[in-house]
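Q: Here is what each chain is made of, one letter per residue.
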Amino acid sequence: MTQIELRGVQKFFGAVQVIKDLNLKISDNEFIVLLGQSGCGKTTTLRAIAGLETIDEGDILIDGKPIQHLKAADRDIAMVFQSFSLYPHMSVYENIAFPLRATRKSKAEIDSEVRSVAKTLQILDLLDKKPSALSGGDMQRVAIGRALVRRPKAMLMDEPIGALDAKLREEMRAEIKRLHIKQGSTTIYVTHDQIEAMSLADRIVIMHEGVLQQVGSPDEVYSRPANLFVAQFVGSPVMNVADAAVAETASSVSVTVGGAASGFEFPRALLSKLNGHAGGQLALGIRPEGVLIRRDAAEGFLPVETQIVEPLGSFDIVDLKVGSKMLRARTKSGFVSGPGEKVFARIDPAQAHFFDTASGKSLEVRL
Amino acid sequence: MAAVRTSSEIGFNRVAIVAVLMVTIIFLAPIYWIASTAFKPRNLATTIPPTVVFQPEISPFVKLFTKRSQLRSPPTPEEYAAAPWWERVVFDGGEKIVRDGKDQVQWSGYPSRFLNSLIIAITSTVLAVGMGTFTAYGFSRFKVKGEADLLFFILSTRMLPPVVVAIPMFLMYRAVGLNDSHIGLIILYTAFNLSFSVWLMKGFMDEIPKEYEEAALVDGYTRMEAFFKIVLPEAATGIAATAVFCFITAWNEYAFALIMTNRRAQTAPPFIPSQVGSGLPDWTVIAAGTFLFLLPVAIFTFLLRNHLLRGMSFGAIRK
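As given, the protein sequences belong to chains G and L, one line each in that order. The opening residue of the first sequence carries number 3 in my numbering; numbering runs sequentially from there. The opening residue of the second sequence carries number 594 in my numbering; numbering runs sequentially from there.
Heads up, a few of these hints could be off.
Unchecked claim - Derived DSSO-like pairs (lysine-lysine); straight-line CA-CA distance at most 27 Å:
#1 G:LYS184 <-> G:LYS121
#2 L:LYS803 <-> G:LYS73
#3 G:LYS22 <-> G:LYS67
#4 L:LYS695 <-> L:LYS738
#5 G:LYS73 <-> G:LYS107
#6 G:LYS27 <-> G:LYS67
#7 L:LYS736 <-> G:LYS22
#8 L:LYS738 <-> G:LYS73
#9 G:LYS155 <-> G:LYS109
#10 L:LYS803 <-> G:LYS132
#11 G:LYS109 <-> G:LYS121
#12 G:LYS121 <-> G:LYS131
#13 G:LYS67 <-> G:LYS155
#14 G:LYS323 <-> G:LYS334
#15 G:LYS327 <-> G:LYS275
#16 G:LYS131 <-> G:LYS73
#17 L:LYS803 <-> G:LYS22
#18 G:LYS131 <-> L:LYS803
#19 G:LYS155 <-> G:LYS27
#20 L:LYS736 <-> G:LYS73
#21 G:LYS344 <-> G:LYS334
#22 G:LYS155 <-> L:LYS803
#23 G:LYS121 <-> G:LYS67
#24 G:LYS132 <-> G:LYS169
The hints are simulated quantities; they were obtained by calculation from the structure and are not laboratory data.
Model the full assembly from the supplied sequences, consistent with the hints where possible.
A: As structure tokens, this is what we get:
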């Protein structure tokens, strides 16, 4: 049972505040991913939990006990670094045995534990090799092995597969997930790659400029982003965001973006849910799959012109000119033949998000 | 790299080989000269034109290690037959080995000077490299207030040539009784090498990624343990390179040794030339002394050659 809790954690590097009042509870066996751009404080947070970085204020608790004053060695936490940090002068065996040697276990115990971890990770045949003789993926396995062998209270991973090439990254992602399900240890994983975050996490913690933006399951952060930053950071291709003007029409509500001649049709319920925000400082967010297009005119569809078409294999991303704005839509591949084509588009109200542009916060409108 | 070499590349290669050969010959000629003179009979050492082909002799080395005097009359055949081989080669040169009242062979000044050189150079190298490694680690890993100034200060101790400070140092040493002592020269050489050692080791320390130690810290070790178990083995290459440079400096040092020592703690560099001045110089003996003096550095460097080569290209092959 390992619960980790951050309470009001603050961290300064000189005058720069890199972690701002961070509060987070991580439950036992949970796989938490800290997601954010470089410099957002995610790695510093991880290093603070590991004990490699001091914090200026707040508490870090493991199982309810504050540990921020303990040395890294006394926290019983293991860490996998982006650079793997395998000790180059030691064999794979020695690398994995290294954390156990600090615990004064007997030789036989160490040997059996190293071999059992190596078996789990399928690196038994590499034990005599030096790290320099290993491939990237194998180095990564050894690094994970070194972290696992001590059965730590928690595993911290700092972009552990960031240094691998795309194909291997996908493989190792699956392997990390498999391993977590099998070993079930509380894990905190840092990455800037949202696909990694989505595929691995039980809960994603999104950080920006030292501030926690949203904590939630992959589905939550994707379909209910708390603010504009999360909305545009999570999801690829990126969510369309445009300043919107809302006007009441005879039968419905019209939402105009980019100063276009006519607006998209929304149900009347929108007005009450916007709660007075209709007058401005309002942004519409819509993921490309929420922009629906068809070739012939239909009720509620606006005529638009296609601009750039990006074929991505299983689907295409088409830029549509709506007033002065570009909306990106996701279509079946080959649906639009090229730029300059006239098509008809509407926005799926169920997939639309509305944000207050002043605060950036979501207005939590669900239609 | 092109698989097929162009004719201009081949031409450049040949020129390069010739150039390297010439440089090598220029560098090795004095060493060859010393080595060959060390094995020459005395009468062939100073011939003009120089003798290149000769029967090598061991007599210069016997003479180097022993005290000798001129023979007034040649030894009797019985005396000659009873003498060991190394004494006969001295008889052949018209000299005899000086013995004390108990018939013990009297050593020349050379062995003790050579031993002094070894003791002083090795001890000061160990101290300079050891302290330099710790200091460099500190500068490399921790935020030290005024780091740039401190590093410059350390370097500035090397800015004056030894000759300039030798006389004041001598007066200070005499005042505290450190002149002509092993400890005195060891302190001097350690201080002299330390700045070099700190700077060189800092470069090597900076090359060792911090993550190695951080991994060790998380793996349950203290910083001290991480230093000895991870940083030191990783820095072995740099330590070897630094040690070679420090050893060579201490081994070859002449100015301080000349002024600070005269008997007890005198090292080989001031002793060897002092023999030139005593009577008619025997160049074969001086060459033998010089030749032996060259060996420790050559052996030390040879033993560490793999580390040295890696050390020179440290940054290049690391990542």
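Q: Against this structure, judge whether each hint is valid.
A: Hints, verified against the model:
1. G:LYS184 <-> G:LYS121: holds (13 Å)
2. L:LYS803 <-> G:LYS73: holds (17 Å)
3. G:LYS22 <-> G:LYS67: Holds, at about 22 Å.
4. L:LYS695 <-> L:LYS738: Given pair L:LYS695, L:LYS738 is violated - Cα atoms ~65 Å apart, limit 27 Å.
5. G:LYS73 <-> G:LYS107: Since the Cα atoms of G:LYS73 and G:LYS107 sit roughly 21 Å apart, the hinted pair holds (cutoff 27 Å).
6. G:LYS27 <-> G:LYS67: At roughly 13 Å apart (the allowed maximum being 27 Å), G:LYS67 and G:LYS27 satisfy the hint.
7. L:LYS736 <-> G:LYS22: holds (24 Å)
8. L:LYS738 <-> G:LYS73: Holds, at about 24 Å.
9. G:LYS155 <-> G:LYS109: holds (23 Å)
10. L:LYS803 <-> G:LYS132: holds (20 Å)
11. G:LYS109 <-> G:LYS121: holds (18 Å)
12. G:LYS121 <-> G:LYS131: Distance ~15 Å between G:LYS121 and G:LYS131 Cα, so the pair holds.
13. G:LYS67 <-> G:LYS155: holds (13 Å)
14. G:LYS323 <-> G:LYS334: holds (19 Å)
15. G:LYS327 <-> G:LYS275: holds (25 Å)
16. G:LYS131 <-> G:LYS73: Violated - the C-alpha atoms of G:LYS73 and G:LYS131 are around 32 Å apart, more than 27 Å.
17. L:LYS803 <-> G:LYS22: With a Cα-Cα distance of about 26 Å, the restraint between L:LYS803 and G:LYS22 holds, given a limit of 27 Å.
18. G:LYS131 <-> L:LYS803: Answer holds: G:LYS131 to L:LYS803 is near 23 Å, not above 27 Å.
19. G:LYS155 <-> G:LYS27: Measuring from Cα to Cα gives roughly 15 Å; hence the hint holds.
20. L:LYS736 <-> G:LYS73: Holds, at about 19 Å.
21. G:LYS344 <-> G:LYS334: Holds, at roughly 16 Å.
22. G:LYS155 <-> L:LYS803: holds (24 Å)
23. G:LYS121 <-> G:LYS67: The given pair, whose Cα atoms are some 34 Å apart, is violated under the 27 Å limit.
24. G:LYS132 <-> G:LYS169: Given that 27 Å is the threshold and the Cα spacing comes to 24 Å, the pair holds.
Hint check: violations occur at hints 4, 16 and 23; the rest are consistent with the structure.
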